[in-house]
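Chemist: Residue numbers (full-length UniProt numbering), protein chains in the order written: chain A, 1 to 443; chain B, 1 to 366; chain C, 1 to 367.
In short, the hints are calculated from the structure, not lab data. Please note that the accuracy of each hint is not assured.
[Unchecked claim] Taking lysine-lysine and the DSS-like style, the derived pairs with C-alpha atoms no more than 25 Å apart in a straight line are:
hint	chain 1	residue 1	chain 2	residue 2
1	A	K387	C	K25
2	B	K291	A	K179
3	C	K85	C	K29
4	B	K331	B	K308
5	B	K298	B	K308
6	A	K199	B	K308
7	C	K90	C	K29
8	B	K307	A	K199
9	A	K51	A	K74
10	C	K270	C	K236
11	C	K70	C	K142
12	C	K345	C	K317
Predicted model only: the values in this text are computed from it and were never measured.
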Amino acid sequence: MLNRIGTIMAQAKDLNTHRLQNKERTIELAYISSLCDESKVSDFIIVPFMKEEEDFLTTLIHNPNFTELNDTAKWADTLLRGFVLISAEQRIFTLDAARIIRSETPQTQVETAIMGSQIALSEDLIDSINIIRTRYPSPELAVEETTLGNVSRTRTMLVYDNRRVDPTVLANVRESLRKLDVDFVQAAGQLERLISGRKRGLFPTMLITERPDRITGSLQAGKVVLLLQGSGFALIMPATFFEFMHAVDDEFDSFWMTRFLIILRYGAIILTILLPSLYVAVVSYNPELFRVQLAFSIAGSRSAVPYPSFIEVMIMLFMIESLIEASVRLPKYIGSTATTVGGLILGQAAQQAGLVSSIMIIVTSVVAISNFVVPVNNMSVAIRFLKYPLLVPAIFFGLSGVAVGIFVYLVYLADLRSFGKPYFRILGPTKRHTGDIGQVKPS
Amino acid sequence: MSRYFYYHIVLVALLNLMLFVPHILIQYRYHGAMTSMAISVVVGTGLCLMFMSIMSKYPGQGLPEILNRFLPRAVTLPFMVFMAVMWIIGPSIAVVSYAVLINRFINPDTSPILVLVLLCAVCLYAATRPTMTIIFLIEMGLVLNLPLIVFILFKAVRNDAINWDAIHTVANYWTQMPKWNAIGAASYIFTGYANLAVYNRAMPPNVRIRHRWTIPLIGMLVLALTFFVPIGFHGTESVDDYLYVWSMTADSMIMSYGFIERVIFVFLIMYLNLTLIYTASGWHQAIEFLKGLAKDYKPEIDGVPMKKAGMIIGAAIVAATVLYLYFFNEKITFRLSEYWLGFRLVVEIGTVGFLFVLVRKGKTRS
Amino acid sequence: MRGKGLLAVLLLAVLLLPLAGCGFKDIDKRFFIVALGIDAADEGKGFKVTLRLAVPSPKIEPGSALSEVKTIQAPTIAEAVRLAKSHVDKELDFGHCKVFVLGEKLVKKNYTDVMEWMSRRRDIQSVAYLSIGRPDAQSIVKIAPKTERYPGNALFLAFGVDGTESSYSISTYLFDFNRRYGEHGMDPVLPLIRKDPQEGDYFISRIALLDKSKMVMLLTPQESQLYNQIANRFGKSTIKATIEEENIVLAANSVSSSYKIMSDQDGNQKLRLKMKISGLFEEAPLGIYEKDWHKLEQTLSEQTEAQIKRMLVKIQKAGIDPFGFGLKYRATHAGNDQTWKTWQKIYPELEFDVKVNVHVEGTGLSR
């Protein structure tokens with residue numbers, strides 16, 4: 001039996017198989033350790049078997065905890081549901097030993113969804129695998145274990161669907177994990193920076209998530225998931241830019257509203273990246289861009305401001321970034337106070353004191369608010385930075401500088417690859433298929 | 001994957017504005033522009049289809065590899081240098097005239113040289129990326145810009161200010177004999193196919209490019225828009241006064257309910273993007289051609305960052321472009337563009353015909 | 001490697017820094033010109049240029065618009081604008097200049113210099129409105145209506161489609177004027193702004209017709225409306241007729257017009273103009289409901305036909321072609337240089353055949 005299970009369950013490191021022997025007979029056990037309560041296994045099987053108080057086969061037949069299973073095709077399913085398979089005298093019995101997840105499993109906090117799963121990945125690797133396994137009961141789910149970090153020896157699980165995964169990506173991931181030479185690995189984000197090709201990249205090329213539903217969705221799409229002991233986050237790779245803009249809710253909320261929300265998110269990131277530099281460009285180079293009314297009201301509200309537009313923008317951006325940073329670092333209970341103090345009082349006062357124009361206050365708040373629309377946190381942080389480099393061409397070249405800056409971002413995005421897959425390709429599947437471009441190795 | 005072929009066709013067709021094609025055609029509006037356009041549709045489509053069928057026999061290979069397969073290096077080397085030069089001139093004209101355009105319409109107080117340095121630096125960065133990056137860049141650039149450009153064109157055609165009598169009047173001059181320069185300018189619309197010379201390296205085998213019948217349609221549509229819309233806006237006579245005739249046309253439109261009222265700004269930004277993409281793509285091809293001169297050169301289309309040689313070639317192209325603007329003015333640029341367009345047609349007919357013969361002969365021999 | 005990259009960025013910054021300031025000018029350091037008037041100089045050659053500058057104010061409400069008016073005389077317009085810079089403390093910006101007013105006297109003499117200047121200057125938008133000011137441009141530009149929310153607003157709205165739509169005025173964009181200026185077979189038209197001495201504001205109710213170098217004639221308000229109906233198919237207009245010494249006014253809902261140039265058997269060229277006007281009575285004696293509408297329609301048609309014909313002949317006599325009949329002729333005849341020459345011979349002898357078809361939709365709310 002054990003051999004057959006070994007072949008069915010592709011490469012599951014957490015599959016436990018034992019062959020036990022007492023005076024009378026030999027039995028074989030198989031269970032997935034991450035799904036099972038090991039104490040149950042020993043209480044119900046190992047201890048009675050070893051004590052030999054009565055014939056173990058009769059226990060198996062008469063004890064209602066054990067049920068006989070004749071259909072070999074169901075082996076994998078039962079194993080994945082947390083059952084132990086026992087083989088004795090050519091008969092197969094099952095025992096329910098599923099481990100019930102502790103009630104204090106963490107709730108989703110970083111990437112929340114209204115109707116999606118409320119449970120987040122656990123910091124404990126086995127718990128996380130349990131959560132994923134229960135949501136993805138397929139014998140094709142492969143779990144590989146490695147350790148990363150010369151000192152930390154952090155346990156790392158590589159999870160993927162054996163049938164759907166792209167072998168080149170898998171090879172790529174294994175290769176980059178193997179090549180990793182670092183002492184300590186502690187967080188998923190750290191690992192992301194270490195194994196992505198660019199050390200100082202502007203965009204994340206791997207999704208970091210705490211949501212099991214996002215993970216199972218990615219597994220189904222043939223992606224590789226990397227779990228880290230001690231981190232409640234998983235890395236999903238390869239990723240495309242567009243996946244960062246999708247919230248899990250998009251799959252189960254009203255169709256039209258979610259499509260609209262996706263468009264809105266793109267609009268929001270365009271605003272958050274462009275507005276500060278556009279403000280500088282329009283105010284200082286091309287005031288004829290907007291309508292007369294707008295031009296006059298900007299000119300009117302700016303008339304009290306004593307310094308050039310880019311200083312004004314920098315002051316306000318500095319203030320809003322400090323505010324965001326402060327509310328992240330502060331304990332939850334004080335966080336809201338900081339926002340109120342900063343947002344309401346400072347903004348109002350700064351404008352009345354003639355330090356900044358009222359239009360600039362609007363610009364800053366729009367920039368901050370639309371930044372939070374991005375559903376995946378690591379992308380949100382990456383995008384937060386993008387507005388600053390754009391200010392430079394805006395100061396020197398105005399509107400055309402901003403357009404050129406955006407073009408550079410486009411080139412950079414098009415140049416990014418996530419484990420060999422194009423990162424910024426809107427049409428066409430990311431999976432390799434015949435007839436796609438770039439298939440033939442040029443001779 | 002035929003769409004990756006059509007991206008080149010559409011990009012180059014739309015870019016005709018930056019190479020003064022409308023102005024050249026309008027100069028000949030009473031003297032054979034109509035017939036030249038008709039001839040160029042036939043010639044352009046024919047060249048396009050022939051080149052496509054030749055290249056589809058060699059999937060994953062660019063023009064340099066194909067040439068090396070048939071000819072000794074002594075012949076291919078000068079030919080490749082010549083091709084590279086042809087590929088440098090067009091995009092460089094586009095980017096130079098765009099720098100001047102920015103100086104005219106967006107930043108009147110910044111010197112065009114400075115703007116050109118900025119544009120060239122950006123194009124150099126883009127052109128030295130791997131081939132696949134450029135392909136994705138073209139795709140994204142078109143996906144982002146095309147809807148707005150189509151919107152502007154649609155608004156232009158539906159505009160009340162268009163005088164259809166003027167368009168009709170010019171269309172009446174269809175009996176005039178065609179002129180070479182006008183044919184050269186008009187056939188430029190179709191020249192996107194030539195980009196396959198390098199981008200064929202990314203084309204998969206056994207892929208038939210579908211919907212070939214759209215090529216003459218796209219070409220005719222773009223030609224008609226590019227030629228007639230300015231005439232509708234500026235009349236049969238005044239239209240000749242403007243060198244950047246499409247910018248003036250865009251300036252003649254307003255979006256009464258739009259966030260940005262004047263269409264010209266949207267138009268200029270969209271075309272800035274397209275020009276940069278076109279230049280990057282053109283220079284990339286030139287660099288690939290020149291890199292192919294090295295004996296041990298192995299073309300790579302993805303992943304491998306460009307070697308120093310590519311950067312040096314690119315920097316040389318940038319330097320030449322900037323020096324050009326420093327020494328010459330827009331009048332010479334216009335003349336250069338006119339001659340380049342005519343000469344390009346000769347080169348294209350020659351190259352495609354030569355390749356055709358070469359491939360046929362090579363086949364019978366083996 | 002890291003140090004090298006940083007160095008490159010620093011070097012770039014040092015190189016770029018001196019460039020800051022070229023072209024960098026904040027919006028509050030600019031004076032926006034909202035209207036520009038050009039007159040002939042009071043004495044001698046040259047121009048008198050009147051600029052209306054907007055003074056930005058944080059408040060935007062009716063009546064709070066502040067603006068300054070500067071008048072400068074110089075031999076050329078370009079010089080006048082340069083001179084104006086020395087009169088003000090901020091940079092002049094043409095970016096939002098939407099209204100150009102040409103003095104009537106100047107236009108009657110010769111407007112080609114002004115044309116040249118306007119079409120060459122790059123910061124003047126092609127969609128700026130052009131008009132003629134009476135008695136002169138200066139006095140029109142100086143008027144600041146009390147209802148203005150921001151400087152120049154009233155003039156912008158008077159021409160644009162956002163505000164009032166008057167059937168007596170047209171709005172001529174600069175590019176349209178330019179096109180007619182160059183076109184063979186179409187001549188420029190401009191609206192005439194008149195100053196109302198009592199009220200201290202202006203009104204636009206007449207259209208001026210120009211040839212390629214100067215103003216030739218003025219249409220009456222009635223004719224201006226007819227022009228609008230024929231050339232622009234302007235709905236929201238009226239037609240008037242007198243029946244049994246009573247005035248009847250029909251408010252048109254839709255106007256359509258088309259014309260054709262054809263030759264009859266004798267080889268005489270004839271222009272056939274067809275118009276269809278349908279609308280409601282706006283002013284008519286009581287009891288009109290009972291009358292035979294068909295007869296009313298006929299009377300309206302006949303009287304309008306006569307009015308149009310009179311106007312067309314008057315324009316023909318003046319030797320100008322604001323409707324673009326000549327272009328129409330070129331568009332429908334063989335494309336060669338001969339066509340245009342033929343038309344120039346035909347036009348003075350062209351006969352007009354006007355057919356107006358009035359359709360009464362109802363009598364308004366009362367019978």
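Chemist: Under the constraints set out in the numbered hints, which ones does this structure not fulfil?
Modeler: Violated hints: 2, 4, 9 and 10; rest satisfied.
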